[in-house]
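> Model the full structure from these sequences, guided by the hints.
Single-letter residue listing:
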Amino acid sequence: MKIKSCGTVFLICWLLTATGAAEVDSNVTHFTDDTGDRMPLQTIVPVYPERALADRTEGEVQVCFNVDREGRTSRIAVRRSSNRLFEKPAILAIRGSTYMPLQGGEELSGIKTCRTFRFLLDPVAIEVPDADSVDVEP
Amino acid sequence: MLREYDTALAYCDEVLGENDGHWRAYSNRALIYVKLGRLEDAERDLEKGEAISPNSRTLKAVRRMLLDATHPVSPIIIIDDRRDSTEGVDEN
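Chains as they are written, first to last, in numbering that gives the first Met the number 0: chain A, 0 to 137; chain B, 0 to 91.
Simulated from the structure, these hints should not be mistaken for laboratory data. Just so you know, even glycine gets a beta-carbon here, dropped at the ideal spot from N, CA and C. Hints may contain errors.
To be verified - Some, not all, of what chain B presents toward chain A, calculated at C-beta under 10 Å:
# : residue
1 : Lys47
2 : Ile51
3 : Ala68
4 : Pro71
5 : Val72
6 : Pro74
7 : Ile75
8 : Ile76
9 : Asp79
Unchecked claim - If you want a taste of the chain A side facing chain B, the calculated C-beta under 10 Å gives, among others:
#  : residue
10 : Asn26
11 : Phe30
12 : Asp32
13 : Asp54
14 : Leu91
15 : Ala92
16 : Thr115
17 : Leu119
18 : Val123
In structure tokens, the structure reads:
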């Protein structure tokens, strides 16, 4: 009975917490240069894996793939990766990304396009409440 | 909205008073401590719970909440298309 009550109250607390949890937004930086074979059109940002976030794990994945005439990606493969946790989000991001289509006279180079994703965590300063704003009971 | 942490805490204390090997009660109490800002107490209960049930997903979830409270982080994703990071890639 006591265990059940403890669990019930816990469940209520848990639900309050869970429903208040929003998906964490990532800060994104995209480095490009003009030496690439194809120009990105739409770039999908991978989701930081929940488990990696929970474990405070950072990592890097390089994915290589083909880009067809219309700018769609195919034959996506992980070239190197520091942690398997990051591979699926990277592949899904490439799958949804597109490049500028080739113009009429342009030919496919046959060179694979590669993209490196770095998943990093930036420590956030904890706000210490102002001493004047803390209620102190007499 | 129910925030009956004190009530929940009393139940957990009672359960652990009768059975100090109850990892779920440690997990529940650690969560309550996190919500109350009693982070050192939460850490202590998490350690006890993890010692009993090291693979518990519930404990891992509470551990994350404690980490978010003590060491918050913001994810950064860098997308790098520069060719110098792709040297040596074979052609098709």
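> For each hint, tell me whether it holds in the structure or not.
Hints, one by one, checked against the model:
Annotation: Lys47 (chain B) was flagged as interfacial toward chain A, and the flag is violated, the nearest CB pair being 16 Å apart, outside 10 Å. Checking Ile51 (chain B) against chain A: minimum C-beta separation of about 15 Å lies over 10 Å; hint violated. For Ala68 (chain B), the suggested interface contact is upheld, since its CB lies about 8 Å from the closest CB of chain A, less than 10 Å. Below 10 Å, beta-carbon pairs count as interface contacts, and Pro71 (chain B) has one with chain A at about 4 Å; its hint therefore holds.
At about 4 Å, the closest approach between the beta carbon of Val72 (chain B) and any beta carbon in chain A falls short of 10 Å, and the interface hint on this residue holds. For Pro74 (chain B), the interface hint holds, the least distance from its beta-carbon to any beta-carbon of chain A being 4 Å, beneath 10 Å. Against a cut-off of 10 Å between C-beta atoms, the interface hint on Ile75 (chain B) holds, since the closest Cβ of chain A lies about 4 Å away. Satisfaction of the interface hint for Ile76 (chain B) is found here, the shortest Cβ-Cβ separation to chain A being roughly 5 Å, below the 10 Å cut-off.
Hint status for Asp79 (chain B): holds, given a least beta-carbon distance of 4 Å to chain A, under 10 Å. The beta carbon of Asn26 (chain A) comes within 5 Å of a beta carbon in chain B, closer than 10 Å, and the hint placing it at the interface holds. Because the beta carbon of Phe30 (chain A) sits about 5 Å from the nearest beta carbon in chain B, less than 10 Å, this interface hint is met. Given the 10 Å rule on beta carbons, the hint for Asp32 (chain A) holds: about 5 Å separates it from the nearest Cβ of chain B.
Interface hint at Asp54 (chain A): satisfied, since its Cβ lies 8 Å from the closest Cβ of chain B, which is below the 10 Å cut-off. Interface hint status for Leu91 (chain A): violated, as the beta-carbon distance to the closest one in chain B is roughly 13 Å, over 10 Å. Annotation: Ala92 (chain A) was flagged as interfacial toward chain B, and the flag holds, the nearest CB pair being 8 Å apart, inside 10 Å. Residue-level restraint check for Thr115 (chain A) holds (minimum Cβ-Cβ distance to chain B is 4 Å; threshold 10 Å).
At a threshold of 10 Å, the smallest CB-CB gap from Leu119 (chain A) to chain B is about 4 Å, leaving the interface hint in force. For Val123 (chain A), the suggested interface contact is upheld, since its CB lies about 4 Å from the closest CB of chain B, less than 10 Å.
In this structure, the hints that do not hold are numbers 1, 2, 14, in rising order.
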